[in-house]
Amino acid sequence: MMQPGLYHILFISTALFFMGVYGFFTRRNLVTMLMSLELVLNSVNLNFIAFNKYVWPGKMDGLFFALFIIAIAAAEAAVAIAIIINLYRNHKSIDVNDAEDLKY
Amino acid sequence: MNLLSLILLPLLTAVTVLLCRGGQVKWVAFAGAVLQLALAVALMVAYSHQRAAGNIAQMLFQQQYLLFRGVNIGLHVGVDGISVAMVLLTSLVSLAGVLVSWKIEKMTKEFYFLLTLLALGAYGFFISLNLFVLFFFLEISVIPKYLLIGIWGTGRKEYSANKLALMLMGGSALILVGMLGLYFTAGHSFDILSIANMPIPANTQHLIFPFLFVGFGVFTAMFPLHTWVPDGHSSAPTAGSMFLAGISMKLGGYGCLRVAVYLLPEGAKQYANIIIVLSAIAILYGAFATMMQKDLKYMNAYSSVSHVGFSLLGIGMLTQTAVTGALLQMVSHGLMTALFFAVIGMLYDRTHTRMVGEMGGLLKVLPFISTVLFIVGFCSLGLPGLSGFVAEMTVFVGAWQTDDIFHRAATIAAAASIVVTAVYILRAVAQTTMGPVKNEQFLHLKDAAWYERLAAMLLVAAIVGIGMAPGWLADLLRPAAEIITNRIAGK
Amino acid sequence: MPNVTIIALIVLLPLAAFLLLGLFGKSLFNKGGGIVATMMMLVSAVLALYTAYQYFFVYGSTGGVYHQCIPWQITWLQFYNGLSINIGFLVDPISVIMLVVVTFISLMVHIYSLGYMKGEGRLPVYFAFLGLFTFSMLGLVLASNIFQTYIFWELVGVSSFLLIGFYYNRPSAVAACKKAFIVTRFADLGFLIGILIFSFCANTLDFSTLIQRLTATGSNEVKTAATYSFMGISALSWGAVLVFIGGAGKSAMFPLHIWLPDAMEGPTPVSALIHAATMVVAGVYLVARLFPVFAIATPGVLQIVGWVGAVSAIIAAVIACTQTDIKRVLAYSTMSQIGFMMFALGVSNYGGEQGLGYTAAMFHLFTHAMFKALLFLGAGSVIHYVHNNDMAAMGGLRKQLPITHITFLIACLAIAGIPPFAGFFSKEEILLAAYQHNTAIYYIALVTSGLTAFYMFRLYFSIFWGKPYENHSAHRHGEGGFVMVLPLVLLAVGAAAAGFIPFGHFVTSDGSRLESSVHVQFSLLPVGLALAGIFIATWMYKTDSDRPARVAASIGGLYKAAYHKFYIDEVYVFITKKILFNGIGKLAAWFDRSIVDGLVNLTGTCTVAISRGIKKMQSGKVQGYALYFLAGVIVLATLFIYVWK
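Protein chains in written order, with our numbering: chain S, -7 to 96; chain R, 0 to 490; chain B, 35 to 679.
These aren't lab readings, by the way, just hints derived from the structure by calculation. In this text, a Cβ means the ideal position worked out from N, Cα and C, and glycines have one as well.
Just the calculated beta-carbon pair ranges, DEER-fashion:
#1 B:Leu621 with R:Ala172: 26 to 34 angstroms
#2 R:Pro366 with B:Ser546: 49 to 57 angstroms
#3 S:Tyr80 with R:Val14: 50 to 58 angstroms
In the EDC-like style, the derived pairs of lysine to aspartate or glutamate whose C-alpha atoms are separated by at most 16 angstroms in a straight line are:
#4 R:Lys363 with R:Glu439
#5 R:Lys102 with R:Asp446
#6 R:Lys445 with R:Asp348
#7 B:Lys620 with R:Asp294
#8 B:Lys60 with R:Asp446
#9 B:Lys599 with B:Asp359
#10 B:Lys501 with B:Asp578
#11 B:Lys655 with S:Asp87
#12 B:Lys649 with S:Glu92
#13 B:Lys65 with B:Glu154
#14 B:Lys650 with S:Asp93
#15 B:Lys649 with S:Asp93
#16 B:Lys594 with B:Glu604
#17 R:Lys437 with R:Glu357
#18 B:Lys60 with B:Glu154
#19 B:Lys433 with B:Glu513
#20 B:Lys501 with B:Asp424
#21 R:Lys363 with R:Asp446
#22 R:Lys293 with R:Glu357
#23 B:Lys655 with S:Asp90
#24 B:Lys655 with S:Glu92
#25 B:Lys650 with S:Glu92
#26 R:Lys105 with R:Asp348
#27 B:Lys501 with B:Asp580
#28 R:Lys102 with R:Asp348
#29 B:Lys655 with S:Asp93
#30 R:Lys363 with B:Glu154
#31 B:Lys152 with B:Glu513
Construct all of the structure, not just a fragment, from the sequences and the given hints.
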C-alpha cells in the first residue's frame, strides 16, 4: 500500500481551500460563509502540518502554528457569530446581501 | 515699529470677540478695527520717517524667527512701500466693513470673528517675507470667506461659496507647486529675499512662473479664471463683498508681483505678452459684460474684473511707471469697490432689491447714499480728483512707454474701456438715483445711519485724498516698484 | 509778474462756493446760498478783470510781444524722471481772455439764476454745481500742462453732466445728461491717446516745453517723432488728430455734436453758461493752446480742423432753420458758430499777418460768448414767461417782455453779423482769413452766415412777432425782476460794443501785434447776404402765414432731412443699441456665463460624474469586497511570480 506523500496532502488542502473560497463567494447565508471560512483555515492547517511532517520533520513550528490557528479560528467564530446574531436582530435575516448599510 | 503687532492685534481682537457676548461684540470689533487703522497709519508714518531719514534698505522693520529648522521655514516679516500701502488699504476696508455690518443679527460673534480673521490673514500676507508663512496667511484668508458666504450669504450661497473656495483652493494648489519648485531650485529656502539673490536658471523660471502667476491670478480674478467673482460677490453679505473685492483680490495682485514677477524676472519677461493680452481682454470684455448686468452686485463684480485688468496690464507692461500704476490701481480699486459694495448693501437693506430696473429716483429719498453712489461711480469711470483716474493714467502712461504696435494696441484697447465704463456706470447710477421714484414704498425710506455714514465717509475721504494729492502714495509705491522692474531690466 | 494770490483766488473762490454749498448748503444756506455764491463769483470776476488789465497793460508784453508766464506750478504726480503731471497757472493772452469770459458769463448766469431758479428745490446744489463748473473751467483755461487740461476737461464734463441732469426726475434730462457725458467721453478717449502720443514724442507734458520741442525744426524730439508712423501717417499727426477729436467732442463738432441739442434739457442759465459761452468752446481753446504744434508740426491736421469746422458750421445752420424748440435752435446755432471758430483756426498760419485766423477765432469766441449767452438768457426769460420751449406756443411777446425783446434783437443782429454789432467784426475777420487761405471754406462760410441771419430772425420773429401769445395763466411775473434783467442789459452792452476792441493788438498766434482794419468792399458781400437772410425771415415769419409751410413743402426732402437732423442720431442709436449693446455686450455677457463659467462648472460636473461612477465599487457587499481582495491577491501573486522574479 502506497504511503500518502506531501503532494497528496497538498492536493487535498488546495481542494479544501478553493472549496472554502467558492463557498465564501457564492453562499449568501452568513453562517455558511463562516463555515466556508473555516474550511479555508483548516486547509491552511493541513498545509502547516504536512509541511512540518515532510519538510522539517524534526521541528514543531508547524504544529504550533496549526494549534494557534485553531485557537484563533475559535475566537473568530465566536466574534463572527456574535456579529451575525446582532445582524439578525437588526435585519431579521442573515443574508449577506441585506447587510449593505455601509455602501457609498 | 514692531510688525508682529499687525498680526497680534487682529488676533487679540478675534479672541476678545469670541469671549464677549451680545451687544459688546460689535464694539470690540469696531475698537479693534480702529486700532488696526491707527497701527497702519503709524506704520506708514514710521516708514516714511525711515525713508526720509535715508534708510535705503529694501525692506524695513525686519524680524526673523526660525520656526522649523529641518526644512528651513521661518517667520520673516518686513515691509516696503507696497506692503505699507496694502496694509493701510486693508485696515481702511476692514474698519468700513465692520461698520456696515453694524446691524447684522445672525450669529454676530462668529461673523465678526471671521471678519477679523480675514483681516488678520491679509495683514500677515502683506508683511510676510517667507513664502511658506505667506502661503499660510493666504489660506487663512480663504476659509473665512467660504463661511461668510455660506452662512450669511443670500441667493445661491452654497453654490457660490463652494465655487469660490474651490477655485481659490485650486489657485492655492498651483501656488504651492510653484513655491516648492522655487524651494528646491533656490537652495532649500522659502525666504523671499534670499531666493531673490539666488541665480535661478532661465528655463526653470519659465517652468515655475506660470504656476505662481496663474495661482495668484485666480485670487485676483485674472481672465479667464474670474468666474468666482460674480457669483461670490453676489451671494456674499455686504462686508463679505467688501473684504473679498477690497482685500482678497489684492492678495492675488500683490502675490503676482511680489512672488511671481519679483522672484522670477525671466519668467515674467517670457510670459509678459500673454499677461498683457489676457488683461486687455479682461478689461474690455469685463466692461462689455458689465454693461449687460441688471443686478448691481453682478455689475460691480464684472466691473471689478475689468478694473483689476488694469493692475495686471500694468504688471505685464514691466515698466516702472506701469507697475506703479498697477499698484495704485490695486489700492484705488480696493477702496472704490469696497465703497461700491457698501453702497449697494445700504440700498439693498432699504429697497430689498439689487435690480437696477426696480429702483429709481432714490436721490430724492436717499440723498446721502445716492451722493456716495455718484462719487464712487465717478471714481470707477476715472474722474479726475478721485483715485481711479490717477491709477489708470499712470498705467496708461507706463504702458505707452514700450514702443511697439503690440503694446500700443493693448494700451488703446484698455483705454477704450473708459468709454464703456462710463456707459455702464452712468446707466446704473442714473437708473437707480435719478428719474421718477419707481416704487411708492421707497418714499418712506430712511437715509444712512451714523455707522453707514462713517464707513462711507472714511472710504470717500481716502478716494478723494488719493485723487487730489496722489503724490504721496505714488512716491510710496514707486521705489518698491522700481526694485522689481530693475530686476527685470537686469540692472 | 502776475500776482499768484489773485489768480489763485479767481480759481478757488468758485471751488470754495462749491464746497461750502455742497457740504453745508442744506443746513446753512438753504435760502441765501445763491447770494453767497454770486458774491464769491463777483469777487472772482472782478479779480479776473483786474488780472486782464494788469496783464495786457502792465506786465504782459515786452517790446510789444505778449509772452507766457507761469507764476505758479507744482508737480502733482510724477510718472518717471522727466515726465509728470504738473498743476500750475499759465498766463498768456488767450488764457487771460478766457478768464474774463468765463468769470463774467458765470457771474451773469449766477445773477440771472437768482431770479430764474427762484422757488426751485435744491437751490444750494444748483449753485454748488455752477461753482464746480466755473472752477473746472478756470482750471482748464489756466492749465500749464496738457494733462492738467485733461483733468479739468473731465471735470467740466462731469459738471455739465450734473447740471444737465439737474432736473433729475425728468427722464429726458437723465437721458440727455448721460448722452452728453458718454459722447464727450468717447471723444476724450481720443484726447487721452493723443496726450500719450504727444508725451511720448516730446517727453514732457508741459505746454510750453512741449510746443517748443515739437515745433523747433531739427530738435531731437521732432527727429525721433518722425521715425514713428502708423498707417503711413506720422505719430505727431496722429497725436494732433486725436487731440482734436477730443476738442471736437467737447465743442460739438460734426459728427460728435449729437449731445449738444439734447443738453438743452438742463436749466436755461446752465445752457447759457456751459453749452453756449464757455465749455463748448473748450475745443477751440485746446486747438488754440496747441496751435503752434498744429500749424508748424502738423499742417495737414490743421486742414482737417478747418474742414470739420466748416462742415459743422453749415450742417448745424441748415438744421437750425428747421427746429422748433427755441433752445435747440440756439444749440445748433452754437454748434455752427463754433464751427466758424474752428475753421478760422484751420485756415490760419502761425505768426504775423498769416495768423489772422487765430486772432479771428479767439475774437469770435469772445464776442460769441457775449451774444450767445445773451440769446440763451433771453430765451430763458421767454421760457420763464411762457413755460414752454416750443416756438409755436409763442408769438407777439414784444409787448410783454420789452427789455428781453430789445436785448434779444441786439444779440440777433450781432450773431447775424450786422455792423456795428460785435459779431460783425469777428465774423468779418474770420471770413477774411478764410478768403485768404481757403476759398472753398470761404464760400461755405458765406452761405452759412446768410443762413445764420435767416434762422436767427426766424427765431426772433416767431417769439416776438406774429400771432400774439395768449395769456392763460393768472399768475404772471413779467420779466423776472431786476436780477434777470440786469444780466441781459449788461450782456447786450457787450454784444453791441465788444466788436470795437482791437483784438489783434492783444491776441495773436505769436504774441506780436496784429493790426486789423475793416475792409468795406470785402464786407459788402457777407453783410448783404445777412440782410437777405433777415429779409427772407421777415417775409416768412413776421406775420402769421402759411408761407413757412409752403417753403418747407417746396424743398421737401431736404427740409425733412434737416428736420430730423440728417438722421445722425438714428445712426448713433443703431450703433450703440444694436451693435454695442445687443451685439458685443450681450455676446460678452453670454460668453462669460455660458462658456467661461460653463467650463468652470463643467470641471465641477465632471468631477461629480467621475466620483459617481467610482462610488459603485463601494457596494456594501462583503463578498464583492472579498472578490476585489482575491483579484488583488491573484494579480500580485502573478506579478511576484512571473514579472518581478
